[in-house]
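Could you slot chain Y onto chain V? The hints should help.
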Amino acid sequence: MNEYEAKLLLKDYGIKVPKGVLINDLSEIDNLNLNYPLVAKVASEKILHKTDVGGVILNIKNKDELKEKVKELMDKFSSPILVEEMLSGGVEIIVGVTKDPTFGHAIMFGLGGIFTEVFKDVTFRVLPISRLDAELMLNEIKGKKILEGYRGVRVSKEAIIGLLLRVSKFVEDNPDLEGMDLNPVLARENDCVVLDAKIIR
Amino acid sequence: MFDKLISPDSIAVVGASSHPNKIGYVVLENLKNNGYKGRIYPVNPKGGEILGFKVYPSINDVPEEVDLSVITLPAEVTVKIFEDVAKKSKFIIPIAGGFGETGKEGKERERKILEIARKYNARIIGPNTVGIYIPSTGVNTALVVPERSRFPRDGDIAFITQSGALGLLTMDSVSMYNVGFSSFINLGNRIDVNENELLQYFGEDEKSKVVIMYIESFANGREFMRIARNVSKKKPIVVLKAGRTKRGGKAASLHTGALGGSDAVADGAFKQCGVIRAYDEIELVDYARALAYGKPIRGDRIAVVTSAGGVGVVTTDYIESEVRGIGMKMAELSDETKRKIREEVVPFASVENPVDMTAQASDDDYDGVLAALNEDPNVDAILVYALFQTPLISEKLVDIITKWHREGNKPIVVGTIGSEFALNMMRKFEDNKVPVYPSIERSVKALRVLRDRAKLLEYLEGL
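From first to last, the protein sequence lines stand for chains V and Y. Its first residue numbered 624, the first sequence is counted upward by one per residue in the working numbering. Its first residue numbered 718, the second sequence is counted upward by one per residue in the working numbering.
It cannot be assumed that every hint is accurate.
As the list claims (entries may be wrong) - Below, simulated BS3-like cross-link-like pairs (lysine-lysine); rule was C-alpha separation at most 30 Å, straight line: (1) V/K765 with Y/K950; (2) V/K767 with Y/K950; (3) V/K639 with V/K692; (4) Y/K1172 with V/K780; (5) V/K768 with Y/K1172; (6) V/K765 with Y/K1046; (7) V/K642 with V/K792; (8) Y/K1046 with V/K767.
For the record, the hints were derived by calculation from the structure and aren't laboratory data. This one's a predicted model, so the numbers in the text were calculated from it and none came from an experiment.
The following block holds chain V by itself, in its conformation from the complex (with noise of 0.2 Å):
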C-alpha cells in the first residue's frame, strides 16, 4: 500500500501523522486546509524509497510553488501525491516490524538518522510486547541518553512507549502483516508523530 493508506490505518490505532492530503488533480491544491511549509511526496505503492528516485519535495513555502511541485511529481511518477505539513524539531527515531522466520513478528525500536544507518543501534522484542518490555527497549540503546533530554532537546519517552504499544496493538490485529518501517518518527516534547510510514502485506 502507498503512504498515504498506510498513515490512514496507523491513525484508526491512535497513531499520530502529520495533517494531510492526497491530490489526484491539480486543482483539488486551490482548497487546501494546511499550513505552509509542506511537504510533496508521490504516493504509489510501487515507490518504497521515495528520497531515492527524487520522490519528496521538502520546504514548499506557498501555493505557487506547492502548484508547480505537485505537477512536477505529477508527471514524472503519474501517481497521486500526498501534501503535509512539515514538522521540525524533536528526535527521529525509528520503528518498525518484521516477520522472522523462527520466532514470527518482532518489532524494533531505535533512534533514526545514522544511529541506525551507521551503528545499527536498534533492538527488538517478539509481538505482542508489554509495557515493561517497552519500558526496556527505550532503556537498552546504546544512545539513550538522547531520549533524556540532550542539548535542550526534550522527547516524550510516555509518547513512544504508547507508540510501540499502539503498533503492537496493530500487528496482532493484522496478522497478515509482512513488514513495517515507521521512519523517521518525530519523538518531541509531547508526542510521536510519524513523518514516514511503509507497510507491507
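Same frame as chain V, now just chain Y:
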C-alpha cells in the same frame, strides 16, 4: 514424560558388536563401566556373548518390552529393522548418520521411521546423534575414545544440544573442574523429540538446577518462548544460540527487515522469556555453574576481596566499565564495615573497596572480612579471590568461603588464579557447589549473569 529415557529399566542395543572400535561395542562397554543397573539386551543375528552379556539374534527374541533401544546400525539397515524395534520400545535412539542431513533419500528414511514410531507410540531421539549420557543412571550411548576424553560426573546441569560433538567436547573440557551434569541429550536431526519438550521436562526435574542448550535453529520459536517463560520463573536457562540466517522475502526491502537478522530478534525473544545468552562453550558452562550454585544478585554494588592488589584493580575496571566490563558498581563500604575490618580483623589492609589484605592475609583474616561484608547493607554481592600462593593461606580457605557461600546473606562468586594447586582448589570449590572461576574476567562475568538473573526474575514477575 522422559523418565524412562533418563532412567530406563531395560535397554536393547540393536547392532551390538564384538569389535571394540565399533559403536555397537562401545555402547555396551559404556553401560557396563558406568554402572547401569537395568537389564541389557544386545541384539545381533550372530548371537553368542559380548562383554559377558547374552546376545539375542533379533529384537523379537528379547524377552520383554524395553524402555530404550539404541540402534547402532547404518541408516538403511536402521530403516529395515525399525518396525520390529518400535514394537518393543518406548524410546529409540538411532545413532547413524545418513538421514535428513544427506539429502532427499535420507529425508525419506526419516519420514519412514517417524511414521513407524508414531504407529507404535515410540519416541525417537535423533537420528544422527551421539545420543544421551545420564551420569546418575549410567546410560551412555556416546562414542569417544575413553583414554583421551572424560565424561563428567553427576551434577546439577541439564544439557540439551543440537551438536553432539560440541556437547561432548564441552563436557570433556569442564570435567577438568569436576563439573557435574544431570543429563546430556543430543537432539541430532530432531525428527521427533525436540528441545521444547525436553526443556519442559527438565524444568520440572528436581535434579536439574539449571538447563543449558546449544541450539542452531529452534523447532518452534514461539513454543520455546512459552515454555522458557514458565521454566525460567523456577530455574535458569542458558542458551548458546549459533547460526545466523539471512532474511529473505518481501520485507527484506524494509529497513527493519534488513536490520532484523534473526539473531537480533532472538536476542529480544530471549529477554522476553527469561533466557540468559552465552556466546561460546566456556560461557555456557560458566554461567550454568553461577546460576546453579549461586544466588541472584539484587543490586549493582559489588565488594571485592583480594590478597593481590593488582587483581583488585583490574577487577574494579572490569566491574565498572561498560566496554570490556559489566557496567556495575564497586560498593561504598559502610563506616561500620571499615571500622570492623581495620580494628578487629586486618589492621594493615586497605579498607576501601577492593579490600586488599595483601600477601600477609591469613585464612582467618578472610573469615573476618567476609563476616564484616556479610552485614554491610551497601553490598549486594561479594567477589572473593582465593589466592593460594602466599604462606598464610591454606586449603582451609576453601571451607571458610564455602561457609559464607552457604550461610551468608550475600551472593558470592570466587576467583582463583594459578596452576595445579589452584586447579585442585577449584575442584574443591566445585565439589562444594561454590561458583568458582579461574580468571578475573570469567569471575566478573559470573557476577553479571547472577545480576541478569535477578533482573529477569523481576521482569517475569512484573509482566
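(request) Could you tell me which of the numbered hints above are not met by this structure, giving the numbers in increasing order? (result) none
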